[in-house]
Structure formats: structure tokens, C-alpha cells
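Participant: Now for the letters of each chain:
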Amino acid sequence: MADHLLEVNDLRMHFYTRDGIVKAVDGVSYTLDKGETLGVVGESGSGKSVHALTMMQLIPMPPGKVVGGDVLFKGRSLVKMKDEEIRKIRGNEITMIFQDPMTSLNPVYRIGRQIGEPLVIHKGMSRADAEKRAIELLRLVGIPNPEDRVRDYPHQFSGGMRQRAMIAMALACDPDILIADEPTTALDVTIQAQIIELMLEIQKRTGNAIIMITHDLGVVADIADRILVMYAGRPVEFGTTDEVFYRPLHPYTWGLMDSIPAHDMTEKSELCPIKGQPPSLIDVPAGCAFSPRCPYAKERCFKEEPPFRTIDGTHAASCHFAGDVGFTHAEVTCAGVSA
Amino acid sequence: MSKDKQSRESRINEEHSVKDGRSGMPAGPPVSAELAHVGHDELAGRTLFGDALRRLGRNKLAVAALVWIIIVIIAAVTADLWVPRFFGDPRTINSVTAAANRLQGPSSHHLMGTDELGRDIFGRVVYGARTSLVVGFTAVAISLTIGLLLAAVAGFYGKWLDTIIMRITDIFLAFPYILFSILILAIVPPEARGIGPVILAIGLLGWPTFARLYRGSVLSVKENDYVDAGRALGASDARLMFRHIAPNAIAPVIVYATMSVGGAILTEAALSFLGLGIQPPAISWGKMIESGRGYLIVSPGLVFWPGMAILSTVLAFTLLGDGVRDAIDVKMKD
Amino acid sequence: MFQYISRRVLQFIPVFLGVTLLLFLTANYLPGADPIQLKMGEKAIDPATKARLLKNLGLDRPWYAQYVDYLSALSPVHVVYYDGTTPEADPKVPAGALKQTGTVALIIPRIASEVPPKGVTTISPREGMTYTRGEVARWAIGGLTLEFDPPDLGTSIYNGRKVLDILGETYPYTVKLALSAIILEIIFGIGAGIVSAIKKNSFWDVLVTLSTSILVALPVFWLGIMLQYTFAIWLKDATGGAFYLPATGASGEFADWVYLILPSITLASVSTAYAARIMRSQLLEVTGQDYIRTAYAKGLPARKVLWGHAMKNALIPVVTFIGLDFGGMLSGAILTESVFNWPGVGYTIFRAIVGRDFPIVYGGVTIILFAVMFMNLLVDISYAFLDPRIRFGGGES
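Protein chains in written order, with the numbering used here: chain A, 527 to 865; chain B, 266 to 599; chain C, 18 to 414.
Rather than coming from a laboratory, the hints here were simulated on the basis of the structure.
All of these numbers come straight from a predicted model, not from anything done at the bench.
Please note that a few of the clues may not be correct.
Straight line, CA to CA, 30 Å or less: simulated DSSO-like cross-link-like pairs of lysine-lysine [what the hints assert, rightly or not]:
#1 A:K608 with C:K72
#2 C:K329 with C:K217
#3 C:K216 with A:K658
#4 C:K329 with A:K608
#5 A:K730 with A:K801
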């Protein structure tokens, strides 16, 4: 088992707030191998970003607290690491890029300095050398005239260029894993595709693994090797992209598929959004967290929390009925399913 | 002076928030925005006002401040009924006993001792509260009225009238408040000085911050979706202004007005200390400090007690203002 | 950046005109104010003399003309055009005074008060008006002359000296006091703000928050007197005269800087409280920003994130506040200096209020006001150097 690059095992991280315990990450498990791309999909509040921040120890503790589980990176536990040790991994072996490139770069430092900073910290480079390397990195991510732009401030870059700069910064130390937290959500549609393409291209060249966190199933469909679907801080379904797309096991995944607008949509076919709201993470419903919104829910679903179990080789899901014969994605009409 | 600084402070925060638009966020560690919706359902179904009142009630410091303000008000209003009876009339000099009673230390009959003319200091502090409260409340009422009226006119007629009014506001804001009131009151001949000119000076100079605050607030409320929604539903301009915009925009003004009462009390004390404000025999805390200065070595209580009265009252208004802000600021609700 | 600076300077012009107009209107048209009495003292003046004075001082002219006169008196630069004709002999000009051949002034020359100082000649755009010629420097091209001389703030009623001279002697004391107060403000305000932001909700944070609330509610003059009592009277008593601080004045008993201690603490009190609050709120706000998370994600140690990435952003508004506050301190100095008899502009104004020497009050207020406005402009401009978003223009609004 230890030959996985990253192994997340039943990770649980809760926030202790005045209003109660927020179970932000509640039992997430998956594995990631070298050079692989994992898509983590979920609505806002599903814990998809928080779980990544948790393993990087970027959640302030308190109010956050890891209450269970573990994350093994090359066999070493990330969550148990001391501050000094995890710092050597952050920005070096595992790097992150964030949703909003407008606010993720420091407005008072030059681009070059910010990109070069990981090299100064982790590789012991001088500022000047790091800046030279920053020029190459900027060229790598497709910024024209990098020799000039390296001395610019973030506000002089457009949104797409800033996200490219963020990627350059994340690539500076040749990381093993690049975690991209909704990297395209804040960008124009045309720029979105460019950024995704850039990340894949670089992956081909350097062989790094990517964890792509997104709310958009469509984004990961083309690029991910595996997909993890999350709901209310819990894993819902995990499998290869083919498995999740062609043989989805969980009613929530079915719901997500139904709510993607198809390219060939005719006037007749309607969008079927999932009804209801995601639950409050303080007051997660008893039993299956999705049960109140699940059109297939039976009595058992409201009482018993389904375990996250392997159904078929690499394909896992947390539904009592997943894999049962006859429990399949029905042709749902938007009026709902009479179970 | 503190008013100048308050407006400078708010100017900085304002400028800053204009730049990044995030000042309202409770600052804290980088918790994911995903948590934002947690626990909001419980707020549904309550009125904003009741909610604010409940929050204010939970703030112990603000409640204590409110209680203190009420005590000071009651003491000042009822002073005639009990102060002369128990402590001797502190407004007049009793020529028979003045010499014997002067500069006494605290005793059961004179809780804070007596001043250089044999008058009871505690009694004078209580009467001084009258002056301070009257100046504080009326001056702020004047500033508030002028400020809101101008902001409303500017906002309603917009365009060039708005520009002119806001330019004039800028000019008044560039003039340090204390400096302007000193100048105005120095022109008034000494025999005409007193509570009236002080109220007018403070009141007539305090409006720019209110005008600016209210206008800014109206503009930001106007941006809200519910105003668009109201407009889409066909609400008239007047209805939008008075039902939707005005009540929501008034919150920061209420907070600032509460704190301003304290600011006005401080200014009155400073002006009276400089000899430009309340003139004897009228009683003012600032004037008491000024005339007590000469007896600092023998009887520091002459200066100490009126200063404590100013400090506690002004502090109470500041804390109450803080409490009100925390209570009504929707952004700050967690 | 150039665009930003020139826009700020242009915006400054109407504010300057507005403020001076306000100043002018207050002194001349406030109900109950008698400009002659204010300028010449409170002597009973017979109607004939009054009419003559009104005319000589140009006070019978419409308000806008008087306002231009007033601005001209304040201006250190005048444009004058001498047309070469010889003025008629004027008995009012003392013998030996320089005579200028000229009659026309392009910018209305300043109006001097009744007694003409030396080096004065009469040129006659208006009868009976005297004009103080450039005493510092002149620069002529043909008949057109630029004349430089110090602004005219009038003369003291009490001793007839020029207000500008009186204030010029006292100004260094006020600047010295304000500078030492600023130093205290920077050290203790910024320091306390940082401590309370880093250790949010700790004992220190509560202490800082509470004491800033109290400092803001303190009457400054009372704080000053209480400090005098504690450190000059009580401490002297308690230590049997062995250790204490001077309450007022500079009698040479202590080193010069010792006299600054109590006044500068008093003057700094309110500002320090505000600086601490702003520092705290800015730092807390900045540490919640996304780019701080980015800095952590890079593997920077917390120490470097705080003192580099966070502080550089958080300090910009704090520095701005302290800059603006320097102007505020000058006006706050009136109270502090009055308490400590500190021989600065504030104390001079205070004594003039008591002594009904209005020209000094007016001149002092004017000078402080100009310093405040100038400081504000300077801070606005320096903002451009502090913040790269302005320095390099562009960016989204």
C-alpha cells in the first residue's frame, strides 16, 4: 500500500465554533499515484477545498481540529508533521493554486519576487537567481515578454495572466503534487480552457500529479484519471473517470449528471437540478447525509449512515444500495421519482 | 479633537474598503468561504430591530454603559430635588460659611470635598452633567439634522447639487473641528459666551461627517439587490427612498451619533477649559478643571472628580456606540 | 503616478480656496463680529474714525474684493506692474523710505495696517492704501516685477509686533513637541496594535482594546494636569524631592528633553490609541486575505509571512493615518501647551484668547490650518509612493 504517492485515510477535520461543531471533512479516503490527475467534485460546503487545506495544515487550529484519520505522503503522515517539516513540503513537494487570482497574489510585491520566493526558501537560491528562474517560469506558462513582466506588480496583470503566474509559482520547485482549488472559477470561459490546457501540458512535461478541485463535473470529465465526488464533508463516490461517468453508483452523482446542460439539448429535454439545499454542516441529517434530497431514499437511509465501501475493484461509493441489482439511474423526470 | 481623529480614522477605513471592498469581513485566519452559510437558517423569521436589541442586551459592556448614561441623566434631571438638600447648593456661594468650608477633603457631608469657595464638588459635578448632556444631545441633534438634510437633498437631486454639497462637506472636513470652534468662539465677545454659542459652534461644525456618512451609506444600500428588486416590482422613488433605502442606510449614522454625543461633551469641556465655553457662574466640568488647576497641590480633587465625570460619561457613549454597531451591523453577524 | 499626483494637487485647489474663504467669512461676517474691533482692539471708536479705518483697510468694499485682498495678504508672491510714472508726494511715507515709480499693480497688493513699517511706498490703485514692498526678494523683467515677502498676518493689538514674527518664534517649540509625540505614537501605537493583533483575544489584546477606549475618552487637558500632579507633585513628595519630572516651563533645572516628557505623552495619548486601533484592525484584515494563505502555501514560516507579506500591506494605511495626524497634533497642541505653559503656537493662541488679542488667534489658527492642509496634501502624494497600485497606475478600480 505504501507505494501510493498520496494516501488519504478516513480524514476527519471539524471546526469548533460558538454555534456548534462543524463537520467540514468527515471521513474522506482516496489514493493518488505519481503523474495521475484526480478530480474532486462537489457543491460549495462539500468540504472539497477544506480537505486539501487540512492536509497542507493551512486550516487554523483552533477552531479547526483533525479528529481522525491520516494523510500519508510518500509514506509520511502530513497531518502529524511538525510545523517545520510541513513547511518543507508546502510550496516544494506539494503546491497549491487558488480560486481567485485577483486576491491570491500580494499587491505590494513584484511578480518575479513572488514566483521566486519558493526557490529562495526551499532551494536556498539567492534572490537574483530566483528572479532569473522566475523569468523562465513565466515563459513556460506562456507570459509574453517575461523579462519585462517579471518586474510588474500583480495589478498590472490580467486575471488569466495572474493565474498563469500562480501556476508558475506553484511549479517553481518541481512539485510532486499540484493542488488546484477551483483554478478557473473566477476566470472568463475562454481563459478557463487555456489554463486547464496549460496545466495538462506542464503535467506531461514534468510528470507531477494534479488534484483538481471543482464544482463543475464538466471540467474534470476530460482531464481526470479518477474522480472523487464529495457531499457534506463526506466522500460519495470514488472511481476512474470512466467508472464514475458511465457506471455511476450513487444517486447524488446521478443528480449531478442530470444537472449538466448537454450540448445537444433540445427544447424538450429539461435540466433537472437536485432539489433542496445542502445540509448545514453543524446539523448533518442522521443516516445518509443526502437522504433528505434523495429521490430513492428508503427508511434505512434516514437511520443508518452508509459506509464508504468498495463496490467493484477501484470503484467505491457510500450508498446502502450501491451495486444492488436493479438500483440504477432511472430516467428521471423533473417531477421527481416516485420510489 | 477626538472628532477629527474619528473622522480621519473612518476616512482611512473608508478609503481602504473602497480599494478592496472587504473591510466588513471579520478578519481572521484563512477559513474557507465554504463555511459562510453555516448556521444562517436560525436567523430567519426575526425582525432586524428585535435581533439587534437582543444582541445589544448580550453585550455586557454596552449594557453597563447604557446603565451609567441613564444614571447620569436621572441625576442631572433631578438634581434640584436632592443636591441642595444634602450637600448645600453648589451653584451659589454662601458668604457666611465659604471661608470655613473651602478646600475640604472628602467627608460624609461632602463626598468629594469642597472647592475654593466652599461649594460641594459632588454637587457641582452633578450640575455639570446637566451642561454636558444638554450640549452633547442638542449639538449632535443639530449636526444630525443638517447632515441628514443635506445628504438627502444631495442624494435626491443628485448630479451637480450633489457635487456642490459634497465639495462643501470636504472643505468643512479639511478644517480641524477644534480649531474652527476656537476661532468662532474667540470672535464672540466674552460677555456673550455661554452654552448657546458652544452648542451652535459644535452643532454647526459637526454636520459634515454625518452628511458624508449618510450619503455613502445610501449609495451603498442603493447597490443592493433588494432595491433593484423593489424597483422591478414598480415601487416609486419616494417609496424606495423611505421604505427600503433610508432605514437600512441609517445604521452607521446611529452608531456615529451615539459616539458623537461623547465627542461633543469632550469638545465642550475643552472649550470651557480654554475659557471660550461655559462662563461662571454656570457650571461646566471643563471650567471646573480649569479653575481647580490653581489648587492642584493642596486639593487635587478639584481637578480629579470633574475629569472622572467626563471620562466615564464619554467612555459610556463610546462603548454604547460600539455595542450598537456590533448589534446592527448585519455584516458582522456570524 | 504623475497623473495621480497632479489630480490630487488640482483637487487641493478648491479645498484651499474654500477653507480660506471660510476663514475669511468667519472673521469678517460672523454675526456680532466687528472686524475693526477684532483687528484694532476694543477701544471705543468714534464714527468718523471708524469710517476712515474702514476705508483705509478696504473693509468698505464688497466681500469678494475683500477676500481677494485677504488672499493677497497671505500670498508670499506678488505680481506688480510698474508703469514708470512718478507718484505724487505722499506725506504718509516717512522720509528716507524707498520710493517706487509705479502706479499699477496687477495683483491687488496687500493691505498693511495703520502704521506702515519701513520700506513702504504708496502706489495708488486705491486711495489711502499702503503697500508693503517685497522685503525678501524681487525679480523684475522690465516693468513687470515678481516680489517675494512673508505673508501678512496683521499685528498684535497688545504690543504691535507682527503676528508672523511672534508665531515664527514659537513655532519651533510646537514642531518639536509634535515630533516627539509622533515618535511616541509610532512606537507605542504601532507596537500595541501589532501585539494585540498577533495575540488576538489574549490578555494583552483585551488590555490594549480597553486602554485605547479609555484614552480616546480622556479629556487631554485633564490627562496633562493629572500627569503634572502625579509626576511633579506627588512623586516629589513621595521621594522626598529625590525624583520627579518638571511640570512646566524650562528653567534649566533639567536637560532640555526632560521638559518634553509629560507634554509629549499628553499630546500623543489620543493619537496613540487611534494608531493602535488602526494597526490592529488592518493587520487582522490583511491576515485574512487570500495572498497570506498563498504565502503560507509556499512554505514561508509564520514569522516571515507576518513581518513581510502582512506588514507591508497593513502599514500603508497606518502610515497614512500618522501622516494625517501630524496636522491634527498641531491643533491638539493648543490644549496641551496651555496645560504645560509650553511656549509654542498653541500656548500663544491660548494667551491671546485670554488677552483678547484677536489677530494672534486668527493668525495662529491660519498658520496651523495651512500646516494641516499641507500635511494632508503631502500624505496624499506620498500614498503614491507607498502603494504600487497607484505608483504604477492602471489596475482595476
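Participant: Taking the hints in turn, state whether each one holds.
Facilitator: Comparing the hints with the structure gives:
1. Restraint check for K608 (chain A) and K72 (chain C): the C-alpha separation of about 86 Å exceeds 30 Å, so the hint is violated.
2. Simply put, K329 (chain C) and K217 (chain C) have alpha-carbon atoms about 19 Å apart, close enough for the 30 Å limit, and the pair holds.
3. Proposed proximity of K216 (chain C) and K658 (chain A) is contradicted: the alpha carbons are some 38 Å apart, above 30 Å.
4. Simply put, K329 (chain C) and K608 (chain A) have alpha-carbon atoms about 28 Å apart, close enough for the 30 Å limit, and the pair holds.
5. Among the hinted pairs, K730 (chain A) with K801 (chain A) is inconsistent with the structure: their alpha-carbon atoms are about 40 Å apart, more than 30 Å.
When each numbered hint is compared with the structure, violations occur for hints 1, 3, 5.
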